[in-house]
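Chains as they are written, first to last, in the numbering used here: chain A, 1 to 224; chain B, 1 to 224.
Possibly wrong hints are sitting among the right ones.
As the list claims (entries may be wrong) - Derived pair list, reagent style PhoX-like, types lysine-lysine, alpha-carbon separation capped at 25 Å:
#1 LYS188(B) / LYS163(A)
#2 LYS44(A) / LYS163(B)
#3 LYS44(B) / LYS22(A)
#4 LYS163(A) / LYS22(A)
#5 LYS188(A) / LYS188(B)
#6 LYS110(B) / LYS22(B)
#7 LYS201(A) / LYS177(B)
#8 LYS188(B) / LYS163(B)
#9 LYS163(A) / LYS44(B)
What the hints assert, rightly or not - Covered by chain A, per the in silico footprint, the following chain B stretches (three or more residues, Cβ under 8 Å):
#10 101 to 111
#11 136 to 144
To be verified - Here are some chain B residues the structure puts well away from chain A; computed CB gaps all over 10 Å:
#12 LYS22
#13 THR24
#14 ALA75
Calculated from the structure, these hints are not laboratory results.
The beta-carbon is built from N, C-alpha and C at its ideal position, and this holds for glycine as well.
Protein chains: 2
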Amino acid sequence: MSQPPTERTRVRRSAKRGIYDKETVYAIVDAAYVGTVAYAAAGKVRQIPMAIWREGDALYIHGSTASGLMRDLAAGAEACIAVTHLDGLVLARSAFHHSMNYRSVVLYGKGREVVEAEAKERALDAFMNHLTPGRLSEVRPPTAQELKGTMVLAFPLDEASAKIRTGGPIDDEEDYKLPVWAGQVPLKLVTGEPLPDDRLKSGTATPAYLEGLPHEREAALSTT
Amino acid sequence: MSQPPTERTRVRRSAKRGIYDKETVYAIVDAAYVGTVAYAAAGKVRQIPMAIWREGDALYIHGSTASGLMRDLAAGAEACIAVTHLDGLVLARSAFHHSMNYRSVVLYGKGREVVEAEAKERALDAFMNHLTPGRLSEVRPPTAQELKGTMVLAFPLDEASAKIRTGGPIDDEEDYKLPVWAGQVPLKLVTGEPLPDDRLKSGTATPAYLEGLPHEREAALSTT
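One chain only, chain A, in its complex shape (with noise of 0.2 Å):
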């Protein structure tokens, strides 16, 4: 019989499934609205929820250019980008194995600004099509001036690492035998039912690309 694992067993065992292909990290990132952007603004680490979303080979976000945050991330401060899935939760026999299922990306690294107008709108017509597929031609398109007013940042994914933990508890090998529930609590994002804005133009239909709703968000991975 294998020894039990232990809290520290299980972070090594964490590390070691921490490497992950690319087309898992990406999985993860294309399942999620928002990160969390951590950076140092004068010797202060700071971090701030956004909206998040990837094209190609990066991680995008945007802000207006008087943001002091996207600023700081464009003039080359490094950032820390994470973006979290919890799962659920795993009730153990022992209070000390309790744990969570989660799928999570970390990623190190500099954002490159995107200049080019064109450019800026292309990944800001990717990040439309990442919120709502399907809506982006019937929206009003930005601006010179909202275009102007916005920054886009693109952090590229080479330094990005997946961390999943799927399953059930681990418990230490003689609490199997307590009568005492143990198993998983899935957790999940859950889309619900559209709500009309108040001043909708009368006569203006559901479009195609909100029926089926509620529905649960995707999973991108399998958990099992």
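Chain B: place on chain A using the hints.
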């Protein structure tokens, strides 16, 4: 008619909304299972998603005493911890005014290690009560060895601030005439059907505190 808000005025409005009472900050933390913990190690900003909970005026994290992050934070590295709930996509008539609804807390501060064994056990009990209320009395409590190998850090919530966005899109006045669907797509973290562990001792009943699942995580704040 009032001037429609620009990206910049919306940021200012968010900033105004950013000053909240403790009750609001606590409710956002209490509704979360994870936060992202950022700090600088050897001049490099790192962040990692971690389980969080609150007790009194502090946000808590725990980890192995062998963890570099826990050691650095115990040694006094200033942390920035974010807690984020994504509540919905906000679909505007213009690409530019798309947004998201969310509740977030960002705290700055140094962690205080909970050293005394009884206090540490009490903090970990609070964690269990946060994860799954009602479960604490059933599980095998931590051994002296497990407690010794676990570090608990408390971060005062004094320097924490909340940010909340709720409601529908705010478009430029001239865009309200467009026949574009606009509104909100709510997002919620939902608890699924509990999955019993393969090695559950036969005859172990599903505990009462897991009955009634799946259900939506109760929103700690009204978002209307």
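**Message:** Taking the earlier hints as the rules, which of them does this structure contradict?
**Reply:** No hint contradicted; all consistent.
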